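Respectively, the protein sequence lines represent chains A and B. The first sequence lines up with residues 447 to 815 when you count with the working numbering. The second sequence lines up with residues -7 to 190 when you count with the working numbering.
To be clear, the hints were calculated from the coordinates, so they are not data collected in a lab. Note that the coordinates shown come from a computational prediction; the quantities given were computed from them, not determined experimentally. Keep in mind that a hint or two might mislead.
Calculated lysine-lysine pairs in the DSBU-like style (CA-CA distance at most 30 Å, straight line) [to be verified]: (1) LYS41(B) to LYS521(A); (2) LYS45(B) to LYS553(A); (3) LYS509(A) to LYS136(B); (4) LYS618(A) to LYS64(B); (5) LYS553(A) to LYS109(B); (6) LYS78(B) to LYS521(A); (7) LYS553(A) to LYS73(B); (8) LYS94(B) to LYS483(A); (9) LYS618(A) to LYS46(B); (10) LYS109(B) to LYS674(A); (11) LYS483(A) to LYS136(B); (12) LYS607(A) to LYS98(B); (13) LYS618(A) to LYS98(B); (14) LYS483(A) to LYS78(B); (15) LYS109(B) to LYS509(A); (16) LYS509(A) to LYS94(B); (17) LYS553(A) to LYS64(B).
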Amino acid sequence: MRKRIRALIVAVQISLILAGASCKTAPAPSEVQQALKQEQDLWRAGASVYAAEEYERYREDLKAARRFYEREELKIGFFRDYRRVKEEFSKILAEGERIRSLVESRKVSQQNEIRKFLEELYSRFELLNSLSLELSQRSFARNQLSQADVILRETERLLEKEEYDEARARVKTVEYLLNQAEDILRQQLGRYMDEEEIARWKKLAERAIEKSRSGNQLVILVSKLERKLTVYKGGIPIRTYDVGLGFNGLNDKLHAGDNATPEGEYKIIKKIAASQFGRALLINYPNEEDIKRFNEARKNGRLTPGSQIGGLIEIHGGGKDGLTRGCVALDDGEMEELFRMIPVGTPVTIVGTTDSNNKIVAILKKERK
Amino acid sequence: MKNLMKLSVLGLLVVFLFSSCAKQPTQQIDEARAAIDAVVQAGGNIYAKEELKKLNDDLQAALDEVNAQSKKLFKKYGQAKEMLAKVKADAESVQALIPARKEEAKNAALAAMDEAKAAYEEARALLEKAPKGKGTKADIEAMKADLAGLESALNEVQAAIDAEDYFGAKDKALSIKEKAAAISEQVKAAIEKVKGRK
């Protein structure tokens, strides 16, 4: 009897060992680890921001799948069946891939939206920047433009780091700064967009050309915005030179020290062969109209009682790319030619512009409506 | 019969002990949450984003375990308690990491600010040296105004550092450095222009 029992025990032991060996537990499906890694990757890619709802649902599904997997894990190896686990996690992985594409497409769309806005701002910045540089109205607008330039660079960095909310905020700041710069330029240059003012300048220019035609004489016409000095004879332009103006050259001169270039009808009253800036043609600023305007400004308090009207406005050499205190400057070689050509008494007309579609109109009218 | 009654009472007692007396680990939950809050307070959202995400995930897993156990007749919160204790310990470790990372970011921002200031000073010094002839006057005036704009931007870098926005400060400082370098190049070009004329 004992022998039989012993034999039975040995037989049971052997069959258990054999069963254990043949029914090895299948390894957990690789999809489980893949899904866990995928969830981390999705979070890193910004799924919680760019596909919040989908990502939340995905996480819930993942959680449920994990619970199912854990329940399966608790079973004795022989009874474990990973087929459904694999199925569930495969679904999760597929959904994860869908969310990944969604996140990427939403990111690209956000980036494109900001990039488009940024491009508009770059173009606006360039226009205002060139206007500011060309017009010498620099003290205020350049400060804003310089800050805008720095923030545009910052925005590029944020876009690289995919920090779109921050980038969007920076873009708004740039827009604000450009608006400020534009307002400053508009205040300074509004006259160049004013149709009545342009019509007045046109009349002055036409009168100068007519004077040249009728008397078949030399007449100088300076157009400040275009920075051109044209010599007319018999109503025909015979020479044109590029010129430089005062620090505040686009404004109409009102008083000494305003660095503005006067506008109106003048004449050459003296030829100076060796001025501080080489050859020079002195004009009769202030004329009667200038004196009248100056007196009115003093009377109505726009100028202090101690203000002086100024004088010694010349067309001189020294270089067209310099800044004067109100004079009109040419490159020395061209000034030499002009000096020889122009006699004392030659009429000089200085206007803002005669072009009603001038660059200020072109730039500032395109800006904020 | 008596024995049967005794056994029933004993059985009920055992059931009661296992089901009702196993209380939810509310204290541990509160402690784990407080530890994560401390990480957030210390700047975890900025300086330990990944770790903070893992902490929140681990806390959620522990809470899920608590929830699962609470629905069972025989509640066993042992594993949940272990998970919560780990979350708390991990949160404390993460919190300990933050000051060094913050310091590192601060140092990087300060270094970038120094570089920006140096670039700004270099541009300013070049402008001071630049020949203020008629040919360069306009350019110099414009560049001076540009530098004034950079000065305002530099003040913003300091403000960002004061507000502990070190990454923002660094980005701004690097942008200022670039712009200042561009101005320096313009000044050099203006100087060359004058030299070329002589």
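So, going through the hints one by one against the coordinates:
no.: 1; hint: LYS41(B) to LYS521(A); in the structure: violated (37 Å)
no.: 2; hint: LYS45(B) to LYS553(A); in the structure: holds (21 Å)
no.: 3; hint: LYS509(A) to LYS136(B); in the structure: violated (61 Å)
no.: 4; hint: LYS618(A) to LYS64(B); in the structure: violated (55 Å)
no.: 5; hint: LYS553(A) to LYS109(B); in the structure: violated (35 Å)
no.: 6; hint: LYS78(B) to LYS521(A); in the structure: holds (26 Å)
no.: 7; hint: LYS553(A) to LYS73(B); in the structure: violated (40 Å)
no.: 8; hint: LYS94(B) to LYS483(A); in the structure: holds (28 Å)
no.: 9; hint: LYS618(A) to LYS46(B); in the structure: violated (34 Å)
no.: 10; hint: LYS109(B) to LYS674(A); in the structure: violated (41 Å)
no.: 11; hint: LYS483(A) to LYS136(B); in the structure: violated (54 Å)
no.: 12; hint: LYS607(A) to LYS98(B); in the structure: holds (19 Å)
no.: 13; hint: LYS618(A) to LYS98(B); in the structure: holds (26 Å)
no.: 14; hint: LYS483(A) to LYS78(B); in the structure: holds (21 Å)
no.: 15; hint: LYS109(B) to LYS509(A); in the structure: violated (52 Å)
no.: 16; hint: LYS509(A) to LYS94(B); in the structure: violated (34 Å)
no.: 17; hint: LYS553(A) to LYS64(B); in the structure: violated (44 Å)
Going down the numbered hints, you'll see the structure goes against 1, 3, 4, 5, 7, 9, 10, 11, 15, 16 and 17, while the others check out.
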